[in-house]
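*Asks:* Here's the letter readout for the chains.
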Amino acid sequence: MQTARQDIDTILERYPRHPQHLINLLQDVQAEYSYISPEHLTLICDHVGVPVTQAWSVATFYKSFSLEPRGEHEIKVCLGTTCHLKGGQRLAEACERNLGVARGQTTADLRFTLDTVNCLGSCALAPVVMIDNDYLGRATIRNLKKRLDESDDGSD
Amino acid sequence: MGKLKSVAELESLRAQVLAAPDRPVVRVCLGPGCLAQGADKVSRAFKAAIQERNILADVQPLIKETGCHGFCSQGTLVNLYPSDLFYVQVKPADVPEIVDQTLREGKVVERLLYADNGARYRSAAEVPFYKLQHKVILKNVGLIDPLDIEDALKAGAYRSLVKALTQKTTDQIIDTVTIAGLRGRGGGGFPTGFKWRKVVENARENPGPVFIVANGDEGDPGAFMDRAIMEGDPHAVLEGMAIGARAMGAEQGYLYVRAEYPFAVRTLNIAIEQARALGLLGQDILGTGFNFDVQINRGAGAFVCGEETALLASIEGRVGEPVTRPPYPVEQGLWDRPTVINNVETWANVPHIIDHGAQWYAGVGVPHSTGTKIFSLVGKVKNSGLVEVPMGITLGAIVEEIGGGVPGKERFKAVQTGGPSGGIIPYEFKELPPEDLKLDKVGLQPRGFMPMELKNLPVDFDSLAQAGSIMGSGGMIVMDDRDCVVDVARYFLRFLEEESCGKCLPCRLGLKGMQEFLNNFSQGKGAPADIDALASLGMALVDGSLCGLGRTAPNPVLTSIRYFRDEYLAHIVDHKCPAGVCRDLITYRIDADICNGCTLCAKNCPQACIAGANKEPHTIDQDACIRCGVCMDVCPVDAVVVA
Amino acid sequence: MSPTQSVKPETPAPRLGVFLCECGTRIAPGVDHTVLTQLLDEPPGVGHVETLPFSCLRPGLARIKAAVAAKGLNRLIIAGCESRLLHKKFEQALEGLGLAETQIDMVNLRDHVARVHSAAPAELAQKGAKLIRASQAWLETLKPAPRIRIDYQGPVMVLGGGVAAYGAAQELAGQGVDTLLPLTYDPAEEMQRAHQLYLGDYHSYDRLERLIGEVEASPNVNQTRVGSLLQVSGKFGDYTVTFASPDGQSRVDFKAGAIIAALDWEHVHQLPELGHGGTRVVCQIELNELIQQGGPIEGRVIFWINDLDAGQPFAAPLSMKSAWTMATHLRENFPATQVAILYDSTMPTPLGSFDRARARELGIALTPYDNHVHPTVKNEYISYNRATDRTEQDLAWDLLVLSPRRAPGAEALKTAKILGLEVKEEAFLDRSPQMVRPDQVVLGEKLMVGSACQPCDLRGALSQGRRVAEKTAALVKKALAGDLYAPQVISTVDQSKCTVCTLCREVCDCLAIQPVSGPVEGLGHNVPRMVDPMLCTGEGTCAASCPEMALTLANCTRAQHEARVAALARSLAPDEVMGFGCQWSGAAAADQAGLRGLSYNRRFYLLPVRCLGQIDPVVMGRTFLEGANGLLLIGCNPEECHHSYGIDHTWSRVWVLKKLLSLCGLERERIALAHSDITQPDRFVTTVESFMKTMATLGPIQRDAEIQGRLQALYDALHVSRVRWVLGVSLRRPWESAYPSHMPNPAAYDHTLTEILTEEFFRARVKNLMRQQGKLLQLSDITQALGVDEVQAHEYLKDMGYEGLIAISFVNRNRFYGLPSGPQ
Amino acid sequence: MSSSENSATDVINFFIDGQPVAAEPGWTILETARHHHIHIPTLCSHPAVTPWGSCRLCVVETRYGKRVQVIPSCLNPPVAELEVFTQSERVKNVRRWVLEMLLAECPASREIKKLAAAHGVTATRFAITDPEEECLRCGLCVAVCNEVVGVQALTFGSRGVKKVLETPYRVPNNACIGCGCCVSVCPTGALQKRLDTVRGDLSRRTGHGFAH
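Residue numbers (the numbering used here), protein chains in the order written: chain A, 322 to 477; chain B, 2 to 644; chain C, 12 to 835; chain D, 309 to 520.
All the pointers check out, no bait thrown in.
Interface residues of chain D toward chain C, partial, derived using beta-carbon atoms under 7 angstroms:
1. 335
2. 339
3. 342
4. 343
5. 356
6. 488
7. 497
8. 503
Listed next, the in silico DSSO-like pairs over lysine-lysine satisfying Cα-Cα at most 27 angstroms (straight line):
9. C:266 x C:246
10. A:397 x B:92
11. C:428 x C:266
12. D:470 x A:397
13. A:466 x B:42
The set of hints was computed from the structure by calculation and includes no laboratory data.
All residues carry an ideal CB built from backbone N, CA and C; glycine is no exception.
All chains, please: the whole structure from these sequences, using the hints.
*Replies:* This is how it looks when you write it as structure tokens:
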């Protein structure tokens, strides 16, 4: 399904060596490797010329960076205002119960990562859950469970 | 096609595009709402169906994947040209029928037309949702193919840039924007022309580069107008920025786009590439000697980066922590150079102002709040989606007429405008007894005063501020009787707590502290005096916080205390949540008359506290129940009720 | 330069200004500033005295600047708070007025006086005045040394020639810095070496190839073939590096301005114990070769990441990575293989979910094992405990692949030795020298890079090289622009006094005193030492232990130390006690005690120093001579000296002082060394209180002429190079591992030391006696006056006579002793 | 004004609590107040580093014409004729709440208790999460490590309520030189307990730069 990953050097070469590109590089590495390993963090710091402490604070400050490996499937439960009003919170709790992990965590087998987001912009279909790149609009505990089972089977 | 070296070459290209033979067009909305309902599959189905049916090349309809059409609750939306038919809730399975019936035979598929109160509407313009809208910025969104610059040129893109480059001095551009009365659409409502003028003055005193930034870090939950613009009409933003750059002498622009908008980033990147290829960005634009280029910065998931100083820190590659102003970005922004930051929607307004003139723009809307504003109308409203209305339209018109009012039998309770930093304003006019203005006892100014019924409240910067809310970036959430204000206030606080950068103490600790109060209230704990304490804590945040996030964060709490003190008291004194939301104050019951004993609820109950035999009415063990609501969600016959 | 300026070269006389800070209310009401001002105005007046609410804030700084400008002040005392935090601010504010950092001293009235004592404000003013007077003596003795600008010549030499060296050379060349790359082998070999060393980094090889080509083509890089490295001499900006010629027959010198040592490690095969034989049980190195040959490889291939079991945990992630790339390579190119990777479940694995999905796709088994039981290699299978359920499992194999062992290469070790670097037990050359100034952070890293210093893959080695080169380039550019200055406080050598005993070099922890490594051709060992001003951290242990006193710490001299302690000791009341506190620990803990609201005996006076190692024993002697009744030295915890061995050296010195004190007939307890840390202000307080109690029991020294004479002798004896040498050799060496100094026979050693001290103490007393009496003395005069045993005294005097320290004459068959005539 | 050494043109005359004061361009309101012996409480302000404005205890209410604002005095320069109030109700409201929340946030800190008591806050209504906590995340340690020491050995991780002082990967940082400046600037003494997590065990530091 996934094609070969971009080499870290290829990613680094996309940007000139200037501190302003720290976030861009972190994003590209995150996108490519789904997390930022200690090794990559050091390489990025060297490339843009910032101390690791700065990269660390940036990588932990922004929500889209993960310093631990993410699961193969990402489940994002929308907790935007409308989704909240329409029960997004209950969906998130149900996911936590089903997967046995808290929000922001990854299952031990690196299959699923559960996250909540503050609005996916599909408020008209609230509550919304995003599984990898697919939306599940007007989600209920029932249809969500079904979808999770499908995506789990589908990968093997 | 190579770089355009002069204005004449651009116009000849435009003429060439316009002269192309007319073809039928199917516009499939690929806005976020429709996408979530499978719009991409609909579009693929159209392409496949046309391929399959081998329609002749000259009449072969063009499938355009466009930006958001606005009427999200009816997605997937499909607009047909030239018939002007407007199909709603289109599923991939409907596509062959549309192709066969409408495209080939010219017949209308009645069941896909929008229907309301028995009436069916053939074209979008007739639909009540669109009728009261005044589309300026969204005019091309949904019309053009955002990935095709020629389509944008056809619709008039870069006409204003040419005008700004050839017919106006930099001063005249700024004057035009000033006279038009354009105010920042990002929330602050600061006069744009004034800001630009400041940058020019500061650059004159302290020569060197200046930068312009478009803020597309649209983080408010429930708001997606910037996304619609960026995904639907990216060239409007680029053109606006280029005009601004021309006026201020900037050569580099930054477009800061929210992390969660990968489509917007992709669309903008393609648009920038196409504009560069045509020489509409880059060196010596259209042979006028004007240089300007735009770089995209993706946000990395921090709401606080919508704050301008935090956004600049983020562009510079640092943690998005705001810094105290002064100095303002117009004095010392990116790399300590004067920098102007405007919202994406503001930039998108600029070409229209230059194109139609300041007077025309000032004529739309009301004095001090000119032009149109896009709102995302969501929540407990029948027609939800993006709406663009002239400033000064009443809230009633938006909610009742465009939105079609509250669905079902519930009553319209309140509107929350301006996102998490906005206020909750009640639908019903409430005469506030003087003792409710208790905030004064700590020497604080009263905040927010509801001058009239919400129905008649004009939606403009000043009226909303007077009511205790803000325009914000344009979120508008409709609440009904089943929505609890304590819960909503708590929700916003939790959101902001998560998004607070944590730099200043009032915001970092205060948002947590305010939540503690509200958590207590939602559990029926606390004393009425705590409500005043909460309000006074809110004022400490307003006064003490460093940036806009903390300073406006208490708004939902302060306004809800002001307007819905009775509801707070119901929680604390009567231990009741009138809306039936606060988990600790409600119970789930199974209506034995409705329950058909399907056992689904018992199977799904995480506490295994639902008992009942197959095909017999079930009951919930209230002691073990954690009120997770699963039973209510899974019940196929709606037998689970909240008491 | 206008001619008028060059006429007057002499330094202007000191003009002192004292600024008393109120620190809001943290100093002012507690210490009576009016009384303090009056005390300071008493003769000898300190000059300008001014009280400021906050001297460190802009309004205060404005007033200080105004006073400096109006009165031409060139010495400043800020009597406020911690120097560590605020000295820099005053330096920066006053830089424009021509004041150097060493001309500003800070006295911590807040944390050492106002906030730790509860006494009448006027009394605390007295204490403050004494501390300020001590600082006054320090500053007035200061003779500002001229700033040393670093002259830089020659290219940057990158030693090593490995992957990291190429990374560094590329960066330097890219920055336009001239680079010299001496190679001990043909550049074409480097690729071959990289293939062998960086296993499985297949995707980086072509990148490296490009890079080598780029470096070779660069006009800024001069590659040259050399033999092995022989010697490095010189200092930053001007090194001479000697190599053997490629044929080993002659020597070749190269000039270089800076040196980067970029050293790669080497791979060693696994020990044969696990069955490694190069056929069925192989190392990753051999598999790598096999893969490159194109096989044949088939059957069940098991990678066992056994670095943890082999005691090389740092290499485990690297072995895992190389195993992973080889495993994927095998599955893609050798379909007849089945691959599994067996690894310790506790090791950090560099594989993410992407890799795991890929492993499933390619059918590579990732098998973690429980490390409580070591996997056992059997002939057909390897048995291990499964990590998940800890049950025993078997894994059949046809080819078992072990991790290689990694160690710095022989060449790397040799280079490190010549540069005076240390090779750690784990066989890595990692080093984090103390960093006192930002410039030195750069230099600290300059010395060693490459995989020999830090386990890394090919990419990591390249990036290490680049990082260091980037910083070096910035430094070189600064030097070339003439903007690089040595710090103000550094050791300088008076080469006329240096006897090349090399003690300083052994003491030096910053590699500054080693411009000469080993003997110099034609000069042998006898080359006076030099100090590399860019490497010196100004700690000063070297200066304080030089037997000949040939080393001086610029702007922080022994004379200044002596003047300061003399001023304070003279002013102390009989029940008052003084001490030294290291700025990193003792003084820092004292500051902290003030900040944390602790309190202690106000009769204790603390003088902060950069490092206790800077306190020459002479300075300690001087305190007693000038009237101190006791001396407490508070330094870092054992093993925790921030420089290197300052605390150890102080330990030895205090030990000598104790011996000398008892020779004087005084209690050994009058001097004490204590340990502290900034995180332990409460322990600092306990230390002070208990020492004060001891001192109260001992009471003041009854200072009659006899005692003063003995103390004078104590002071004099500490100047004697023999004493200093013995003390010096008892000091701890960087390679010693026990604290305190490891000695084979401590009792015997101590006996020798005592004897030497006794003799030198006697000698000093005799000389003083002779000077006082101004006439020839008989043995009985001496034994009576000094109260010593006749036989012993006779022996000592005889030796003194032989050494020409005294003249022995005979009158009427009686021996008379006197000072030798001639120049004394 | 009394200061005669300054020419009238570059002096900014304004009022703090009704008292006429003078400042030179570049001074902040806080510096001017302190120079005039007017007390304004602070936690995150230290003269050795550039002000950051995190504790917000130094807020003052200012009136300039009709414009009334509550601003931090450590960051804002005065303008001529500005009226500054250091003890207004709005100011006190901010301070009291911040201190009350700090009592819950840093319950172990003696300094916070003392400061709070001085402002009449002795008890807290907020939940205490960690009874041992002393750190208020004022950022002084991070600033001093960057600006004065220049080694950037420690930093903040995460954000908002989860914001925490740490080193990358929460392991002792080799960049740390163990100078302890972070401990000295710490307003609550939290770093005293935490220093070892940054510098590690000094006696085990690699290289003979640290004894081993």
